[in-house]
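Protein chains in written order, with this note's numbering: chain A, 1 to 126; chain B, 127 to 647.
FYI, nobody ran anything at the bench for these hints, they're computed from the structure. Treat the hints with care, since some could be wrong.
To be verified - Taking lysine-lysine pairs in the DSSO-like style, the calculated list, with each CA pair at most 30 Å apart, reads:
| # | chain 1 | residue 1 | chain 2 | residue 2 |
| --- | --- | --- | --- | --- |
| 1 | B | Lys625 | A | Lys123 |
| 2 | A | Lys70 | A | Lys112 |
| 3 | A | Lys20 | B | Lys625 |
| 4 | A | Lys112 | B | Lys611 |
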Amino acid sequence: MASARILAVDDSPTILEMIKAILEAGGYEVITASDGAEALETARAEKPDLILLDVMLPKLDGYRVCRLLKFDQNYKSIPIIMLTAKTEEQAMATGIRTGANQYLTKPVEPEKLLSAVAEELAKAQG
Amino acid sequence: MLGRDQLSKDLTLAEFRQFRDYIHQHSGIFLEESKLDSLRISLVTRATRIDCSAWDAYFEVLARDEKEFRELMSLVTINETSFFRFPAQFEALRDHVIPEIIGASGRDDRQFRVWSAGCSTGEEPYTIAMTLSDSALDGSGWHSEVSGTDVSTKALGVARNGVYSARHLLNVKPEAVERHFVRVDDDAWRVAPHVRRLVEFSYHNLIKEPYPLSIMGTWDVIFCRNVTIYFKLESTRRVVSNFFDSLNEGGYLFVGHSETLTSISDQFEPVETGGVFLYRKPRCARRVASWSGSTSTEPVPPPSTRASRRAAAGSVAATPAPRRAERPAAARASAPAPEPAADPGAPAETLSDLIACAKARLAGGDTAGALEAVEVVLAADRNNAEGLLIAAQVHADTGDYDRALAGATQALTANPLLPGARYVLGIIHQRQGDIVRAISELKKTVYIDPEFALAHMNLANIYKAQGRFDLACRAYDNALRAAHKDPEGPWTLYLGGWKADVVLQTCERSLLECRKAMGAV
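Here chain B stands alone, though its shape is the one from the complex (with noise of 0.2 Å):
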């Protein structure tokens, strides 16, 4: 048998009648070919889980071991629409990721918002909700809120009217039936209406980009189980990354239980609770807090291992973390230094994590945030130069030029080279007015850095405005240049929150009408 990576997910019709006249012929439960897909899903699901990787020896296995063929049935009955699919799930939501969300600081929103993608006839988005109304969110002020969402406007009608048989109900517990249904006749349910008005259904089709502003809110949990399954690799990787996007900084994706990312994203850490996987997009704040509140006789764990990071962040929300600014800057003056480099007092890791932290902010357009992670840089390495540009840019895109000039300065003086900080003097100068300077500088950062597309473009932008067109031709073109050959270069951080191929566009535009200027075209 092969690798599980060779299973080939599409099954043919020959294949599924194949399948479906031993399953008739062995338990009675006939499939119609309507249910093709569903029955794919489970094949899949238990191919995977015993590594076969063809479905004529995936047949072979189930035809010879009963206990295969008793596996595979109990996801053929049970399908991927019942409620409390997979109870560990959901009891994970309750007793791990509620307690951390709601337990987190600086979380003063207080609305816990859960994403039921692929929701299918509305169990899993109800589930959610049933969840949620008995988790510690009860009773705790927050407000909680479910979206379930679909590609089958039918399957949407089913969840929205909210009424199921008993068949739907076989894994809900008793006390739970009383609690979250109402009986409407001998075999029919219906969500009881504190459950119902927690969930909200749309449309929307998860492989349809880019995603709608409503739906690009900020989640704490998205639950999207079997996608991997439905998808080919191209766009799960896809549609996991846009999930990525979608949560909140220490927000849960929860996956099929036999799902993983390996090989689909690295973005997540995965934590492992009570048997279940999950996985978690990193939380930057929680880092930068907790390396803060850190004691020198106590080493910061590497960030690297998840189990430290998990330590990390569990430490913070137990302690809020106290202000010892100048105590590193103030351990390294009095104590002679065992190395003549730079020693801030904490791992070149965990420092430049936190850049990369606040880099990550600052290109999404969060300056706030990221001003917020480089001051703990500053505080423990006053002379970070790359801290000190970031503040820097922080004050200039906040109008308070004087410290933003005073930033960029003093990063300068810390590393001459720093294109970045170039740039920022010059865009400063320009701002005020001083273009004089604010060419000065911009020449001086593409002579640092040729590639610094930005630097080219606003060089052109104000040649452009001053009718030196000719000047201004040649700037676009090597904004053009630049912008192609190092389209994710350390200009991209400058961009504001706006997407690099807009630079490209504006080039290709400012270009043409500098061209017709000069009667060339």
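Chain A with its partners taken away, still in its complex shape (with noise of 0.2 Å):
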């Protein structure tokens, strides 16, 4: 099987370069993207096998960006892992449902995130 495509997205290119080692050291092909906007258009163009969304992003905030993709038939089975602060964990206690299939809650160790990452795949082959 081909390796699966995974989308990251955070304004911060250090943080972006961080993610696509981690992600490639597991052997994961990555495509990036650095804002809401941004990700919402190459998510629909390329449509990878998973979206890793960071919450905070220019544009678009990485909720909305996971609900319009989570609303739309052609997109929502795309998994989604959004990575949050603390605080913002009890912003989704209050109802933010945004539909993504993970919260991750930094600090991030790269285990986790692999270990999430193959978790949602193996959930979406499934």
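Since each chain comes alone in its own frame, lean on the hints to assemble the complex.
Written out as structure tokens, the structure is:
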């Protein structure tokens, strides 16, 4: 099977470079976007196997990107993992339902990220 | 007798048998060998209490002191699985912790979540649920939730079943039995549905890291009684540190009544209420608000004492912080300063505390919280370089590059040798596609602080993208050297919530790619 293609979204080139290194070390192909609008555009054009989405993004925040994709029949099957800060978890508890498949709380460890990615990809295929 | 630290917490089978036989002889209670661990906990608790350093010494005390024998037996017979074990702790939960947490400002999620870690057969989480339903939470519109976890699936089975013999209900007041239990037969009581509903049980091993996401939630209270007795010191430290991370700010850790966190963790504030010692996760937000709410005639208590922290937190709960942002700066302008050093109108200790708080939040990826703390600093001292820098970084993270550039520039005016400000300027230029200026600022960053690993890495990334692999290799090498030399340096603040070792992995991998590209590998 060809390696899965993952869209990583973060506005910091430094962070994107790090995410890319982790995912490529895990055997995945990585494409990137650095703001919410670009993320949406890339997701629609490229139909990646999974999206890794930061919450804080210029233009459109991660929650909105997630909601827009999850409410669209054509894209809702793409698993989305959101990276959140602790306080954002509380916001989620108050009822922000974005439909993301999984949330990872910062600080994020590479092993945790890779196992979450593998888990979501397996679920999507099964 | 030696100090309490000398007591071996292991109990050999031979030692167990010695105590077991003595207990059998003098009380008629025979403890199976499967009860070794349970007896060990009771013995450690008592021996520690009376400063006994060795098992034979404790055995001697036990044999000659009837009172000590009774103390031990009360632990052995109650064992760790009865309802309302050490009732004062549940009273503290009901009368102190719950009112404080639900009365705190800034909590609009209205979910009160308690974790009973190591819950065995379920008596503790059910007791907590009973306490919650008899507390101020009842009818407050708050949703309560108790999670019980344990490593014994057998114990969890009993817990889920929720049926107990009368022996387990000895500590429960009759009116509470009536309210919270349903009688099944002569010697069996079932936990009532309104209590059962609040409690979820699941398997979890406290020693196994990382903790799953479902556990790493935001808890208001964690009960983990006797953890320091179960585990070796190093494990205990890690477990307690994981608890700290899992708690909400202002949340409480309950440990066993004879345990302390001395030499285990200094992250918590000890709080004493009604003779019960509790451990509270400090409340940065409260302290931010309480500082901004104080008046200039009323000096802010130093934040170093426990009592003053409580007082500060309490005053905020009662009165929301008034807006008086310009006051200290104005006061400084109109009155001649007693000394030339910048006096922002507040103790420097408080300002640096706030900066530390903002940094901690930033490192955890909580940009909004960081900004909140830093705005208080800037209101008091609008030229605070570190404050300006943190604000700039938050603006950069949220894509507000104009404000970020202005802030970082202002920070550099206040302190031209602030490496972080150079770095922020560099990455903003990089994001805006101005690579020449980005390289220039990043180079200045490592000139000021050669150990600023992230600046080296960013330079390397830029060179790599440009195909200048020799320069990239050198910069990655520098990044790796810096990250190894100063793994907790100021640069770690700019990781956007990622762990520092990710930098090492990234650099090693990219370095290899560059060398390959150059044909060197």
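Now for the hints, and whether the structure bears them out:
| no. | hint | verdict |
| --- | --- | --- |
| 1 | B:Lys625 <-> A:Lys123 | holds, 27 Å |
| 2 | A:Lys70 <-> A:Lys112 | holds, 24 Å |
| 3 | A:Lys20 <-> B:Lys625 | holds, 15 Å |
| 4 | A:Lys112 <-> B:Lys611 | holds, 26 Å |
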